[in-house]
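Novice: Each chain, letter by letter, is given below.
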Amino acid sequence: MSRTTATIDPAELKAAGTARQTDSSAPNADRPRRRFNWGKVFAWAVMIALLIITVFPFYWMLRTSLTSNSALYANDMSLLPTDFDLGGFARVFGLQSPEEAIAQGGSGASIDFWRYLLNSVVVATAITVCQVFFSAMAAYAFSRLHWRGRDFVFSLFLLSLMVPLIYTLLPNFLLIRDLGLIDTLLGIMLPSLFMTPFAIFFLRQFFMNVPTEIEEAALIDGAGKIRIFFRLIIPMTVGPITTVAILTYMNAWNDYLWPLMVSYTDDSRVLTVALGNFTEQTPQTGPDWAGLMAATLVAALPMLLLFLFFARRIVNSIGFSGIK
Amino acid sequence: MSVPKTIHPLPVSGPRQKDDTKIALLFILPASIGLVIFYFWPLVRGVWLSFTSWDILTPARFVGLANYQQMLQDPVFWNAVRVTLLYVVINIGVQIVVALVLAVLMQRLSRSVILRSVVLAPYMVSNVVAALVFLWILDFQLGIGNQLLASMGLDRIGFFTNEAWVITTIALVNVWRHMGYTALLLFAGLQAIPDTVYEAARVDGASELRMFFSITLPLLRPILGLVLIISVIGSFQVFDTVAVTTNGGPVDSSRVLQLYIYDNAFGQFNFGYASALSVALLVILLVVTFLQYRVTRAGQTDLN
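Protein chains in written order, with full-length UniProt numbering: chain A, 1 to 324; chain B, 1 to 304.
Hint data in this document are derived by calculation from the structure and do not stem from the laboratory.
Certain hints may be false.
[Claimed, not checked] Calculated pairs, SDA-like style, for lysine to any residue (alpha carbon to alpha carbon, straight line, at most 25 Å):
1) B:K22 to A:L193
2) A:K40 to B:T296
3) B:K22 to A:I234
4) B:K22 to A:M208
5) B:K22 to A:K40
6) A:K40 to B:L217
7) A:K40 to B:A201
So here's chain A without its partners, still in its complex pose:
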């Protein structure tokens, strides 16, 4: 670390705080230094406040999902779960009888949560596998193959970045309808299966950086271009490919508007759409907040787990992906 002041951890800050206290009792205290430390304290206060704002809703999801509805309706402000109860989770996974569920403030309607979960997994997995693979193929053609018209075709792909996704949704819906794929999982995934311009650009950047010497050695050994793609380029860029795959999976998992357009029944309903329906099926007594927060938590969990495992990779790739 070349810069000394930029990395100060809380322990150092504490030490600086005590030092300041002794300083102030001394007659010739170092004034600019003191002001500087106050600034640090203030900066950390702002930072901690922002972190609390960031984390609190997650905690509140958990806290609410572990509390019974009757306790929630008793207007309590306790930070810990009161009247600890797993009923919310039981309702989400259909482990309660309708009578029991209604008694605990649920709607009693059978929600096929496992079905939605499975649908989400199928859609997000298929999109990720196909989209990343096809994008990688295109990225390979745009970075390592030599052919007439390459730059022109690439600029066409560049152009597609300018089309806002939202604009394509209506015509794409009509196309899916023409194909008879409304209310099917294939209909939900089809438009995203082939590529995204982002994935192509992102991977192309890394493919270009693979040294040509290695490729030439493989060519001399008699390997073809296809073989080089599978045996050389892909293994050498596993890192960036993983990053793209994670981001793709996340986007597919979190998508709402498109699946909302295409799916009409439980056959093709994914988690986000099922959750979004919540406000429309509120029981007479008032919303089943405990059940809902349990459901949102379960819906968010796969992404949070994925994030837990790949946080460093995702966090470090964000700058590149945005500025590029």
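Position chain B against the provided structure of chain A, taking the given hints into account.
Specialist: The following block gives chain B in isolation, referenced to the frame of chain A:
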């Protein structure tokens, strides 16, 4: 990095210069299918549909500019434009400031990966999840937010039910989800500013605040401009949060453009008019992006 950017028309010599056209066509085939069918074709079809009247059941009928004339006289459309702009201004205004503060704090206080991960966590959950959590936290009777207000002796606020509040609330919910992501983009930009500049300033006795305004902000400008453009484009397309929490209400006060488009298409099966609205949104986006690009001079850097 010795891969040539452009290809020589004639192969020179050696194994690398071989013409790969056949393999290349095979490799770009799937992506090209996606590009043509799901990007370019919708672009054309959307513009065509905006000149028709179509309810899906009967064949589309060409009506010329009728949809656009209807749009110009449609008070709900103009209200949607106003509401969307209000949303974008609040959302982007707060988000950029908070993200900038967060990015600078991360750069000056701690570059720990754990800290950056925590900040990014909200971005990992869907808009739907974020919307539902805040629907609960800000519930009029039971939400912890309003209970806190009440316990301090303040009036409860109908965050999602009061016309005056609803857009602000939705804008801030989306700030919560996106501020960490935006902060990381800016953080990456800050890394590009050489340390030596700060060291020189410190030797000259500049304060942290002075350094922020005289060094960080001006040198970050191109990246700030790009981040602004990306965020604004995303912001204009707001739909999920509104659809889940208020569905446009109360009385159209949160009926953003995208929701109005969706209502027209799937509520009233007015696909021609919905397409015209989409074209309007596209045009607004193009104009706003172009203006931002010019104003922020995002393409030019002041470094070096």
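Novice: So, for every hint listed, does it hold in this structure?
Specialist: Tested hints:
{"no.": "1", "hint": "B:K22 to A:L193", "result": "23 Å, holds"}
{"no.": "2", "hint": "A:K40 to B:T296", "result": "31 Å, violated"}
{"no.": "3", "hint": "B:K22 to A:I234", "result": "20 Å, holds"}
{"no.": "4", "hint": "B:K22 to A:M208", "result": "20 Å, holds"}
{"no.": "5", "hint": "B:K22 to A:K40", "result": "61 Å, violated"}
{"no.": "6", "hint": "A:K40 to B:L217", "result": "20 Å, holds"}
{"no.": "7", "hint": "A:K40 to B:A201", "result": "18 Å, holds"}
Going down the numbered hints, you'll see the structure goes against 2, 5, while the others check out.
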